[in-house]
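Chains as they are written, first to last, in our numbering: chain X, 4 to 314; chain W, 4 to 314.
No lab work stands behind these hints, which were simulated from the structure alone.
Careful, some of the hints might be misleading.
[Claimed, not checked] One-sided and incomplete, this derived list gives chain W residues near chain X with beta-carbon spacing under 7 angstroms:
hint, residue
1, V32
2, P35
3, V41
4, V42
5, T43
6, S44
7, I48
8, V51
9, A56
10, E61
11, R107
12, N129
13, G131
14, G133
15, V150
16, A273
[To be verified] Beta-carbon label-pair distances, calculated as ranges:
hint, chain 1, residue 1, chain 2, residue 2, range
17, W, R93, X, G95, 48 to 56 angstroms
18, X, R15, W, G217, 19 to 27 angstroms
19, W, R93, X, C101, 17 to 25 angstroms
We put the beta carbon where it would ideally sit given N, CA and C, even for glycine.
There are 2 protein chains.
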Amino acid sequence: MELSFVEWLRARVPAPAGVLLGIGDDAAVIAPVAGPIVVTSDLLIDGVHFLSAEHAPERIGHKALAVNLSDLAAMGASPRGAVLSVALPRAGAGGVPCDQLARRLVEGLLPLAERTGCPLVGGDTNVGSGPLVASITAWGEAPPQGVARRDAASVGDAVLVTGALGGSLLGKHLDFTPRLDEARLLVERYGVRAMMDITDGLAIDAQRMARASGVGIAIDVAAVPVDPAAHRRAAPTGRPALEHALGDGEDFELLFTLPIDAATRLLTDAPLACGVTRIGQVVSESGLWRVAGPSLHQSLVPLEPRGYEHA
Amino acid sequence: MELSFVEWLRARVPAPAGVLLGIGDDAAVIAPVAGPIVVTSDLLIDGVHFLSAEHAPERIGHKALAVNLSDLAAMGASPRGAVLSVALPRAGAGGVPCDQLARRLVEGLLPLAERTGCPLVGGDTNVGSGPLVASITAWGEAPPQGVARRDAASVGDAVLVTGALGGSLLGKHLDFTPRLDEARLLVERYGVRAMMDITDGLAIDAQRMARASGVGIAIDVAAVPVDPAAHRRAAPTGRPALEHALGDGEDFELLFTLPIDAATRLLTDAPLACGVTRIGQVVSESGLWRVAGPSLHQSLVPLEPRGYEHA
Numbered sequence: 004m005e006l007s008f009v010e011w012l013r014a015r016v017p018a019p020a021g022v023l024l025g026i027g028d029d030a031a032v033i034a035p036v037a038g039p040i041v042v043t044s045d046l047l048i049d050g051v052h053f054l055s056a057e058h059a060p061e062r063i064g065h066k067a068l069a070v071n072l073s074d075l076a077a078m079g080a081s082p083r084g085a086v087l088s089v090a091l092p093r094a095g096a097g098g099v100p101c102d103q104l105a106r107r108l109v110e111g112l113l114p115l116a117e118r119t120g121c122p123l124v125g126g127d128t129n130v131g132s133g134p135l136v137a138s139i140t141a142w143g144e145a146p147p148q149g150v151a152r153r154d155a156a157s158v159g160d161a162v163l164v165t166g167a168l169g170g171s172l173l174g175k176h177l178d179f180t181p182r183l184d185e186a187r188l189l190v191e192r193y194g195v196r197a198m199m200d201i202t203d204g205l206a207i208d209a210q211r212m213a214r215a216s217g218v219g220i221a222i223d224v225a226a227v228p229v230d231p232a233a234h235r236r237a238a239p240t241g242r243p244a245l246e247h248a249l250g251d252g253e254d255f256e257l258l259f260t261l262p263i264d265a266a267t268r269l270l271t272d273a274p275l276a277c278g279v280t281r282i283g284q285v286v287s288e289s290g291l292w293r294v295a296g297p298s299l300h301q302s303l304v305p306l307e308p309r310g311y312e313h314a
Numbered sequence: 004m005e006l007s008f009v010e011w012l013r014a015r016v017p018a019p020a021g022v023l024l025g026i027g028d029d030a031a032v033i034a035p036v037a038g039p040i041v042v043t044s045d046l047l048i049d050g051v052h053f054l055s056a057e058h059a060p061e062r063i064g065h066k067a068l069a070v071n072l073s074d075l076a077a078m079g080a081s082p083r084g085a086v087l088s089v090a091l092p093r094a095g096a097g098g099v100p101c102d103q104l105a106r107r108l109v110e111g112l113l114p115l116a117e118r119t120g121c122p123l124v125g126g127d128t129n130v131g132s133g134p135l136v137a138s139i140t141a142w143g144e145a146p147p148q149g150v151a152r153r154d155a156a157s158v159g160d161a162v163l164v165t166g167a168l169g170g171s172l173l174g175k176h177l178d179f180t181p182r183l184d185e186a187r188l189l190v191e192r193y194g195v196r197a198m199m200d201i202t203d204g205l206a207i208d209a210q211r212m213a214r215a216s217g218v219g220i221a222i223d224v225a226a227v228p229v230d231p232a233a234h235r236r237a238a239p240t241g242r243p244a245l246e247h248a249l250g251d252g253e254d255f256e257l258l259f260t261l262p263i264d265a266a267t268r269l270l271t272d273a274p275l276a277c278g279v280t281r282i283g284q285v286v287s288e289s290g291l292w293r294v295a296g297p298s299l300h301q302s303l304v305p306l307e308p309r310g311y312e313h314a
């Protein structure tokens, strides 16, 4: 790391409890974590995951941490720390000079880091000629019940999502709050079977969950919760709002399955402010399906996943 | 991660013992680590830390992991795992198509990962328009004696380095082996006081150690082990080989201090194949000094650090 940035960071980010040695040495040292450690890493590139010409560095910093915390949430894990490595364009980005970019990224992620108990303990800053790149690795503690995997969906399970989907490009993809508390509650109180976060679109991610679990998922598309932003997107694109809900991606909502009785209990309790919707069922027929009639197994029609497929 | 790469990676990198859930879910899950966890992150950019036009992706992958392991070595830690996140240029790099870059980076780092017990457990691949960026976060287990910090140099300590310095640009900066075994031995058997790895050049890094420790470091420049590569560099640059040894950086050797009696014991035992050289002493006068005469404290001349200072 560049020296003056390290000094600023050491002063700005005092090492909290659990951080035995913070920013400034060759590596950070953190207190032992009880049980298995959950680790994730996500890298964001200007022009792909954000637009520095439109988005302030603080929002980009928030997103860089939030996408990682969303992955920890998807496992039911509790964050314990993160490191940030950046490639800074020599000429700056979005009118922000190079030497202010890293500080403003950090300022943007600190509120979320503090709120979620995820201290920034180190990282690396480098200057190059390319676009702004922010890479975060975050780790956390597995829940006592064991992590929620995406390959554990079981035939007969109900399929549910948190929140509403589609249109995240209008702002949610930058400003969302990762569903950490919601995920922990789902794991602890309702015995989540399979879980993942929706990054590439409900359809493509549901297909991934089905494939990983060796099952099929049938979605009642009429039940999919469509975000108002998906309707706003639909006007200029001319595509149905539902299509945006199924395929836009970067919703960072939770897609999960529960045994039917637990799903019923959850829908009755309604413990989550973000809302939970039952959108389908796990079936034995491999693949992704749309429920096209009143009788489930006689009315499965293939559902083509349309999501952002990483090139 | 892009799907076919994930599938390739899952087959290529079977989850070893200690990895409870490897590549393919939202996050990896690793077995509990005994004691404090040491974490480091380094990001490499094409054109800054390597040249894709000259260096094969395998060498770049090796370096990306090795620089992180060098940081763990500098703490005396034992690696336990790593994640790799990359920004891949859509047009490829160095004549290698985009869709082969990530695999070849991984092929390049796997031998080192296997040799050092540092499984690759996950990461993120993204395609953009900028240069190739490889970001690795690695973690490890602190030594039972506690980590070796850079701020623990004590007045009267001997200052030593492993190996030889300078000219790393001729190849060592890509192909070096991180001094993990050497560092552990120094911590376990000789009670290392302060330690760091040499990344920005001996002079600038020694100055950092001195500043962090609130002391001074006096270097007997005649004793500095000069790598043959520094001599080869000196011919075209017209600068003395010693200057290359003091300032080139990316040596990834260990700079450390020991109480005098431990230093004497180490130099007598000579347990390290890479060699160890005593190059100076920790003094009470703050700053970086050159020993310019036979009597230490009457002959300290300021030594100007010339190293690669991150912009």
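Cross-check of the supplied hints:
1. With a least beta-carbon distance of about 5 angstroms to chain X, the hint placing V32(W) at the interface is held under the 7 angstroms criterion.
2. Given hint, P35(W) at the interface with chain X, holds; its Cβ is 6 angstroms from that chain's nearest Cβ, closer than 7 angstroms.
3. At its closest, the beta carbon of V41(W) sits 5 angstroms from a beta carbon of chain X; the interface hint therefore holds under the 7 angstroms criterion.
4. At a threshold of 7 angstroms, the smallest CB-CB gap from V42(W) to chain X is about 5 angstroms, leaving the interface hint in force.
5. Interface restraint check: T43(W) against chain X, minimum CB-CB distance 4 angstroms, threshold 7 angstroms, status holds.
6. Below 7 angstroms, beta-carbon pairs count as interface contacts, and S44(W) has one with chain X at about 4 angstroms; its hint therefore holds.
7. With a least beta-carbon distance of about 4 angstroms to chain X, the hint placing I48(W) at the interface is held under the 7 angstroms criterion.
8. For the restraint placing V51(W) at the interface with chain X, the shortest Cβ-Cβ distance is roughly 5 angstroms, inside the 7 angstroms limit, so the hint holds.
9. Taking 7 angstroms as the C-beta cut-off, the interface hint given for A56(W) is violated, the closest approach to chain X being about 14 angstroms.
10. For E61(W), the suggested interface contact is broken, since its CB lies about 21 angstroms from the closest CB of chain X, more than 7 angstroms.
11. Of the supplied interface hints, the one on R107(W) is violated, with its beta-carbon coming no nearer than about 18 angstroms to a beta-carbon of chain X, more than 7 angstroms.
12. For N129(W), the shortest C-beta to C-beta distance to chain X is roughly 6 angstroms, which falls under 7 angstroms, so the interface hint holds.
13. Proximity of G131(W) to chain X holds as hinted, the smallest CB-CB distance being about 4 angstroms (cut-off 7 angstroms).
14. Nearest Cβ of chain X to the Cβ of G133(W): about 3 angstroms, under the 7 angstroms cut. The hint holds.
15. Evaluation of the V150(W) hint against chain X yields a held restraint, the C-beta minimum of about 5 angstroms falling below 7 angstroms.
16. Against a cut-off of 7 angstroms between C-beta atoms, the interface hint on A273(W) is violated, since the closest Cβ of chain X lies about 25 angstroms away.
17. Under the hint 48 to 56 angstroms, the C-beta atoms of R93(W) and G95(X), about 23 angstroms apart, miss the expected range.
18. R15(X) and G217(W) have their C-beta atoms about 22 angstroms apart, which keeps the hinted 19 to 27 angstroms range intact.
19. Judged by the Cβ atoms, the range 17 to 25 angstroms given for R93(W) and C101(X) holds: they are separated by roughly 24 angstroms.
Going through the hint list in order, the structure does not satisfy hints 9, 10, 11, 16, 17.
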